[in-house]
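Keeping the supplied structure of chain A fixed, place chain B upon it in accordance with the hints.
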Amino acid sequence: MNRIIIGVTSFQGDVEEHLLASKMALGRMGIEGDAVSVKTPEEIERVDALIIPGGESTVMGRLAFFSKSLELIRQRILEGMPVMGTCAGLIMLAKRVYDRVVGEKKQQLIGVLDVTVERNSYGRQRESFETLIDLPSLGVSGFKAVFIRAPTIVEAGPQVEVLARLAERPIAVMQDNIIGTTFHPELSGSTALHELLIKKAQAFRAK
Amino acid sequence: MISLVGSQRELPGVRLERGYGVESLRGTTLVKRGFAHMLKHGVVMDVTSVEQAQIAEDAGAVAVMVLDKLPYDVRRAGGVARTASLRIIEEIMDHVTIPVMAKCRIGHTWEAKVLEEIGVDMIDESEVLTPADEERHIWKWDFTTPFVCGARDLGEALRRIEEGAAMIRTKGEPGTGNVAEAIRHMRILNNELRRIMILYQQGDDQELVKNARELRVSYELVLETARLGRLPVVNFAAGGIATPADAAMMMSLGCDGIFVGSGIFKSSDPELRASAIVLATTYWDRPEIVAEAQKMIDESKSMLGMDVKTLELRMQERGTG
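In the order they appear, the protein sequences are chains A and B.
Residue 41 in the numbering used here is what sits at position 41 of the first sequence, and the numbering runs on without skipping anything.
Residue 180 in the numbering used here is what sits at position 180 of the second sequence, and the numbering runs on without skipping anything.
Incorrect hints may have been included.
No farther apart than 30 Å at their CA atoms in a straight line, the calculated lysine-lysine pairs in the DSSO-like style are these [said to hold, decoys possible]: (1) A/K144 - A/K207; (2) B/K301 - A/K106; (3) A/K106 - B/K295; (4) A/K106 - B/K309; (5) B/K295 - B/K266; (6) B/K309 - A/K68; (7) A/K105 - B/K309; (8) A/K105 - A/K23; (9) A/K68 - B/K69; (10) B/K309 - B/K266.
These are computed hints drawn from the structure, not numbers from a lab.
Bear in mind that the values here come from a model prediction, so they are computed numbers and not experimental data.
Bound conformation, chain A alone (with noise of 0.2 Å):
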């Protein structure tokens, strides 16, 4: 068995927008695989990459550490496995979160991915937009990218690297393995980041 297997937490979020995006992206790769969603271990424990959809991070971080899948993620994560958070899913892979109003506030993180990120950055829903960004190391441009009371990164550490900015701050980065997005790319119908967490899942397969 090839097939490669994206897990999307289902805790909370735009898990079957990630789902449809996933399978679009293995399809237009022409890689045999799928997409699952995945809230247990023993789901978590099966896939070859794993995706953290938007939602809530606060929400999220408390059911995953509830189902005892908070620390599975982590070890995975350290010992390679291919992971994108967007959105709330970047928030539960950083390291070091503040929110913009209520500041520091107690919640469940992965914290893995060297970054600060600031919560609800841009303000409330009423000041959630879209605009279209280029992506110059994916060779992508005119990518157009959703922000919903989007965070930002505030911090960087050297191992990030930068993938795309809007004002100056780093709206997609990389860390090796990981992937984080402030914005939701299962939402526009390019998959060109999905495709690069694919990518990743078929790397990690292969060692």
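Just chain B, lined up with the frame of chain A:
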């Protein structure tokens, strides 16, 4: 990718900004419906104070809905139910990191305007409050802030979407602690969806047009809904959910998430009950985990609830047009 059906018109709520060194658009259909997508598999909890909002956030609520009174108390108080005090909504926005929603009266465009002005994340044009316009709902395309509206069947849901609602919830019967009506509305919606889906698969355009006329919405919207086999926006369950098993039941009927109104803060174990309902909503398809959630609550602490047949006020019959 999400469906953008119905938004091919001029949208006054869309705003062009040049703030971040690029042109960006706020209030687009993608941004509004997208917000609702981020709530999926979650529980939105009704609250009336900062304290309740913090309990809800700590229990794993995906958002809070601010009201002046919980639906159960609205029933008991009688009189006119209006939008909550702006001061309390603002205070809650300053103390929780999750989205804050608030209710306005059906058809009361200016109650909605003030909620948008103070920055609530989503507005619920709700039958729990006293309707301000018996003839029409708010024209929600005029707003940058997304709206959620209640519905009892496919026609109501699609009419609200046609007016610009970015999210739908079943009406159920609010404030009763009785899930029966929410189940009924979801079953009706599912059956009606199934019917138009079959017509679409059979390519029966004439019947689809006839259905659109009966539902009093555009053919285009019916066609897209039939193609998708579900509502083109996120659909939550609401109205009478009081226990973890209630929440799991609604998720099993195909809802995208749950609103809990009086069920939590009218019980005598709100903290535990709130976390238990969150757990049962995510793990609805694992009976062993729903059982674990159900064990966290005590039935003697559930709100007493009411038989819907004996109600003087049926909130679900408000704003059906």
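Structure-based check of each hint:
no.: 1; hint: A/K144 - A/K207; verdict: violated (34 Å)
no.: 2; hint: B/K301 - A/K106; verdict: holds (29 Å)
no.: 3; hint: A/K106 - B/K295; verdict: holds (26 Å)
no.: 4; hint: A/K106 - B/K309; verdict: violated (45 Å)
no.: 5; hint: B/K295 - B/K266; verdict: holds (19 Å)
no.: 6; hint: B/K309 - A/K68; verdict: violated (44 Å)
no.: 7; hint: A/K105 - B/K309; verdict: violated (45 Å)
no.: 8; hint: A/K105 - A/K23; verdict: violated (35 Å)
no.: 9; hint: A/K68 - B/K69; verdict: violated (37 Å)
no.: 10; hint: B/K309 - B/K266; verdict: holds (21 Å)
Going through the hint list in order, the structure does not satisfy hints 1, 4, 6, 7, 8, 9.
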